[in-house]
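The chain contents come next:
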Amino acid sequence: MTESPATRPLTLHEDRALPADPVTRPIAREIYQEIKGLPIVSMHGHVPVEWFADDTPFPDPAQLLVVPDHYLLRMIVSQGRYTLADLGVPTLDGSAVTETDPRTIWRRFCENWKAFRGTPTRFWMEHELVTIFGITQRPSAQTADAIYDQIAAEIATPGFRPRNLLDRFAIETIGTTDPAWASLEHHTALAAQGYGERILPTFRPDPVLHLDNPTFAHDVLATGAAAGVTVSDYATYLDALRAQRLRFKAAGGTATDHGHLVADTTPLPDDDAARLFDAAFTGRPVTAAQVSAFAAHMLFQMAAMAADDGLVMQIHPGVERGHSRTMTARYGADKGYDIPFAVEYTRALRPMLEAFGHHPNFRTIVFTLDEDVYSRELAPLAGVYPAMRLGAPWWFIDSPEAMRRFRETATETAGFLNLSGFVDDTRAFCSIPARHDLARRIDAGYLGRLVAEHRLDLDEAVDTAIDLTYRLPKLAYEAR
Amino acid sequence: MTESPATRPLTLHEDRALPADPVTRPIAREIYQEIKGLPIVSMHGHVPVEWFADDTPFPDPAQLLVVPDHYLLRMIVSQGRYTLADLGVPTLDGSAVTETDPRTIWRRFCENWKAFRGTPTRFWMEHELVTIFGITQRPSAQTADAIYDQIAAEIATPGFRPRNLLDRFAIETIGTTDPAWASLEHHTALAAQGYGERILPTFRPDPVLHLDNPTFAHDVLATGAAAGVTVSDYATYLDALRAQRLRFKAAGGTATDHGHLVADTTPLPDDDAARLFDAAFTGRPVTAAQVSAFAAHMLFQMAAMAADDGLVMQIHPGVERGHSRTMTARYGADKGYDIPFAVEYTRALRPMLEAFGHHPNFRTIVFTLDEDVYSRELAPLAGVYPAMRLGAPWWFIDSPEAMRRFRETATETAGFLNLSGFVDDTRAFCSIPARHDLARRIDAGYLGRLVAEHRLDLDEAVDTAIDLTYRLPKLAYEAR
Amino acid sequence: MTESPATRPLTLHEDRALPADPVTRPIAREIYQEIKGLPIVSMHGHVPVEWFADDTPFPDPAQLLVVPDHYLLRMIVSQGRYTLADLGVPTLDGSAVTETDPRTIWRRFCENWKAFRGTPTRFWMEHELVTIFGITQRPSAQTADAIYDQIAAEIATPGFRPRNLLDRFAIETIGTTDPAWASLEHHTALAAQGYGERILPTFRPDPVLHLDNPTFAHDVLATGAAAGVTVSDYATYLDALRAQRLRFKAAGGTATDHGHLVADTTPLPDDDAARLFDAAFTGRPVTAAQVSAFAAHMLFQMAAMAADDGLVMQIHPGVERGHSRTMTARYGADKGYDIPFAVEYTRALRPMLEAFGHHPNFRTIVFTLDEDVYSRELAPLAGVYPAMRLGAPWWFIDSPEAMRRFRETATETAGFLNLSGFVDDTRAFCSIPARHDLARRIDAGYLGRLVAEHRLDLDEAVDTAIDLTYRLPKLAYEAR
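Protein chains in written order, with this note's numbering: chain V, 1 to 480; chain R, 1 to 480; chain S, 1 to 480.
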């Protein structure tokens, strides 16, 4: 094969994603050298705990790298040629023909390589292909098969089992995300095998805090059952949540996570909350306004419980999930149709921060997909309330330009020490090292610029880079 | 005349608007070289079709360069010394003395040259003065007359007729904006003279979709008359719109354009829509809320028709037109008093995108004046729905810094292939080459930085630059 | 003491805060050289007039540099170890033990030096420590005492009296902020001593424009008393405001300042306004909506009065004051718990700008803490209405990155001549030179980049730098 655009070599430049200007780059490079080898602290993400508990091999390149990655799927779908089913995503009701040949799925991804130019997926995937699989050619229709074979061969090796990858990726700690009713059996089993401090559960109770969940009563009862509490009313519902939070903590968990639509934390009078709970629990109708009010109330209750049990409270609002109801009905959640919208924080978080923002046992990490609020709302809040940390750029904005903007807009008011440090939040396991590497490069570039502009000394910049990479996420997610 | 600040030479540096840093600039220059000579595809704008149909000479420098350019007018008005009438804009009722001497108007512009520092008008006007008219001195009170004479002499040459300028400016295609009731006679005449694929009409039905238009019934009837449909009710109203869209398509049109206040696309039940139409059509009162609801309903209907006839649907919301009602009453629309405001898209576009976002025959190009929504809403939407393209920065944000921010905030989530490429949207004909040249330089700079930061290879950057300049606008505006 | 990170030398690089890239920096340096020595025009701030009237020495380093600076206080509080009381802020009711030893307070600040990395406080404080006090070591627990002693010694010198500092800091004019009922005795006394054109009062009537002020009637009566008007109803209330504005003008004042929650300027019918005034004035209840409506009405009235008396009208909306009601009840206002939120301007300012936006005697300077509105709303408004100037970045966004963003987002639509130039707005007197120096460096950097990108000639950049530093604030705040 001669070298054409489609078969050009794929290489990683050692200075990639560092600033171009010749004064800043050497400083950034010097800072990056000090952090590139630090262990990965990955306290929030969506890798299934079963992968580690069972430690089974990954089936094939498509199931490993394409099908579970909604960043990849959405971009290919947007090009109009392939549907989700063509990319291996099964329909919930089996109504469409789903492509099952992994090689065909992989080819469709490689054909669309051009569409990823300028996106973080391109950056992460290049990193994965080169450093994990030793690929040396640009993905394209022409090179798809050869790349497929090389990845498939690597996957088949014993070193590619999930637990071995933890070592290979230098992941010191990884948090999973688990439902409120989780039995935690996998975490228990892993703990018995010495992984108790390395693979941690995270308590994610969204379905039992939202009264419009169609299986609300079922999920509440399941949560109670897991916790050993018979739920019959609002009081026992709170008991079940409290008890199950403690079970997560006993299993090594240090945090909870809350994906509410908005950031509202306004509590209701207890009687009102109890009445709303009873209505939904017994299958009576609740209005959309009541659903929102109860969700806000329960976010406040979660903060109250956190001030008691010391679990760190993560808040991730502002996404319209399943924007295309047709596609969501066909393929299910998390397939690329989640779209952010503007969310207010200053007033929404006020009840929680007024009540617990100075509580020595409370810690909340607040995330956003709306970059506007960094300088206007979240940095000013994190810059005064001791209990609050500002989370790293998340999801769509976990990308080179957006991470730079985050540093530029949040740091001046929040400082560095009121941040969570880097958090990857991915379900694409093999992308974790790439994501952390990119974040480290962007941080080195920003700090390098502060040094080049004589706004920070080099020793301080290196110390701060280590904070952002390693110390701050450890501190931010430490149970209190 | 000796050289004073007011009479310094006016020159264009070949590297203008390219990044300053010495690593990125040569790469950007290399990319720019590959696109600077490409033909101009100008699919959306406000140059009157009569100029081409009649091919009459332009009257004078003031009428060519000052009076029709609301960017220019507003900046001079803001300085407080001259009113719009002083700058040659007639009052609607003749109530004020309007300056009619073109040389005086031109002098007033030149006196205010300083006020344009740092604005895109300065950049465009310099480009026009040097490359089109060969001006060599900075505009100022001292140089105004000499410059005026030189422009006037150039305008008087046969080469300066509108059709000759199309060739001189290398404009391959230009879209005009035409009312729903347009007879399209000029386009028909131009087509007969071989301009049918070069000068295209665009269907702009805002006045017949907004029930508070004071001449609503008249405009609807005129639309019907143009289409050969007698409108008597909601059903025949839709028929007239459908028929007239097809006439535009037959006359070479590929697109429609919609300047609604907000982006809402929520359809009404047909009966409700019919009742609202009847009320307005027969002169009965409608509320502001009904006007908004009907406009949203009709935006949805336009999408439905587009999915049938394949005309590309442009949406340009978010401007409070005629912010100063006094000035608008005195001088009319489009005189610099239009002010943007925040507009929501995620929920507003949902009905349309759920219904037609995967339709193979539907294409919508969505614009904004609110930069916040690029990363939060529009890039995530364009990055998954095959039917949607994200339009180029428009109007106030069609400027060097804002175009850079657009690349930085939209690309990571939308990629390049979900964009419309550059669209100029101007009524200042002579500024078209300058606007395209500036956009090409900014794109070359952004792509150059991606190369300098090893995030893209140079061959890919050049290919993408050609996409953004030429291929993407051709593709985006292709009737389906 | 050997050199450890905690005792490293503290130095100021002559190129600090200039762009790093080697092409732009020398140009920026050249521009900065032309403005660094210009006198300071500080037309808006919160330094108490008593300091100048009494010209008493400052008590100690903590009272000078820590206790009055809410930027400093909030960052230390956010670290969770010290409360405001620990930092010398007294509780309103004496309920907590307040640290009174200035050396201990100073140590607590120095211990937290790391927390300020990347913040403007770090930049300003370094500037102050080095240029005013000759400090040569980095603040830290180890160096705190030595630094304290050196500052204390400097403070004790006669040259450190407030009036001497005006000369030392090259402050040509400084505006104070004074309540509507101010007797202006200090300003009168200062005028008698030749400071009448140097130290100017600013009329700040917020408490008498907001009906929910618990001491509304008292404050209104006090305003009347100061003005020599007996207030008994709405008409005499307006008379008192008019008269007191004229007293401010006679005392050298050129401006008013308005810290409303939002920017609404919608007038009420006079009868409605009179009824609302009467209710609050006689202690009858008013609703939150009525409070807002009356505040908006009075903002419009202030504009009407400004068009009469020529005082420049500053508007500073968009801050939720005292976000933690507990901490505000304990320590009072302005202690770091003020948090911005999104504020709309396009529609809010419309009534005022339609009525007075072209009035030759009216001038309004509009500020924001919400960076989103620069390009979307405020620059487009300032770019057409002759009466409006866009204020400099304020409070949280008076920082290197945010000032750069301001230049990049506001300039292209507003130009430079529709801006107020730099305004510091501080109560930390010693930080004034640092703040102006930083702004000059950022402006030099931005203008240097325009030159490096061939978008502006060097002579124009220098001229504009002088405008932004000196001429524009003089012009913007000139009484009409």
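Keep in mind the hints are simulated off the structure, nothing from the lab.
Please read these numbers as outputs of a predicted model, since none were measured by experiment.
Wrong hints could be hidden among the right ones.
As the list claims (entries may be wrong) - Derived pair list, reagent style SDA-like, types lysine to any residue, alpha-carbon separation capped at 20 angstroms:
#, chain 1, residue 1, chain 2, residue 2
1, S, LYS249, S, ALA191
2, V, LYS114, R, THR100
3, V, LYS474, V, THR143
4, S, LYS474, S, ASN361
5, R, LYS335, S, GLU354
6, S, LYS114, V, ASP463
7, R, LYS335, R, THR11
8, V, LYS114, V, LEU92
9, V, LYS474, S, ARG471
10, V, LYS114, R, TYR470
11, V, LYS36, R, HIS454
12, R, LYS114, S, ARG103
13, V, LYS474, S, ARG350
14, R, LYS114, S, ASP459
15, V, LYS335, V, GLN79
16, V, LYS249, V, GLN79
17, V, LYS114, R, LYS474
18, S, LYS474, R, THR100
19, S, LYS474, R, LYS474
20, R, LYS474, V, GLN79
21, R, LYS114, S, ARG350
22, R, LYS114, S, ARG347
23, S, LYS335, V, ASP308
24, S, LYS335, V, GLY45
25, R, LYS335, S, ARG350
26, R, LYS335, S, PRO386
27, R, LYS335, S, ARG347
28, V, LYS114, R, HIS454
29, S, LYS114, V, TYR470
To see whether the hints hold, each was checked on the structure:
no.	hint	result
1	LYS249/S / ALA191/S	holds, 13 angstroms
2	LYS114/V / THR100/R	violated, 55 angstroms
3	LYS474/V / THR143/V	violated, 41 angstroms
4	LYS474/S / ASN361/S	holds, 16 angstroms
5	LYS335/R / GLU354/S	holds, 15 angstroms
6	LYS114/S / ASP463/V	holds, 10 angstroms
7	LYS335/R / THR11/R	violated, 30 angstroms
8	LYS114/V / LEU92/V	violated, 30 angstroms
9	LYS474/V / ARG471/S	violated, 51 angstroms
10	LYS114/V / TYR470/R	holds, 17 angstroms
11	LYS36/V / HIS454/R	holds, 18 angstroms
12	LYS114/R / ARG103/S	violated, 53 angstroms
13	LYS474/V / ARG350/S	violated, 50 angstroms
14	LYS114/R / ASP459/S	holds, 12 angstroms
15	LYS335/V / GLN79/V	holds, 15 angstroms
16	LYS249/V / GLN79/V	violated, 45 angstroms
17	LYS114/V / LYS474/R	holds, 18 angstroms
18	LYS474/S / THR100/R	violated, 36 angstroms
19	LYS474/S / LYS474/R	violated, 51 angstroms
20	LYS474/R / GLN79/V	holds, 16 angstroms
21	LYS114/R / ARG350/S	violated, 28 angstroms
22	LYS114/R / ARG347/S	violated, 30 angstroms
23	LYS335/S / ASP308/V	violated, 28 angstroms
24	LYS335/S / GLY45/V	violated, 37 angstroms
25	LYS335/R / ARG350/S	holds, 17 angstroms
26	LYS335/R / PRO386/S	holds, 15 angstroms
27	LYS335/R / ARG347/S	holds, 18 angstroms
28	LYS114/V / HIS454/R	holds, 16 angstroms
29	LYS114/S / TYR470/V	holds, 17 angstroms
Checked against the numbered hints above, the structure breaks hints 2, 3, 7, 8, 9, 12, 13, 16, 18, 19, 21, 22, 23 and 24 and satisfies the rest.
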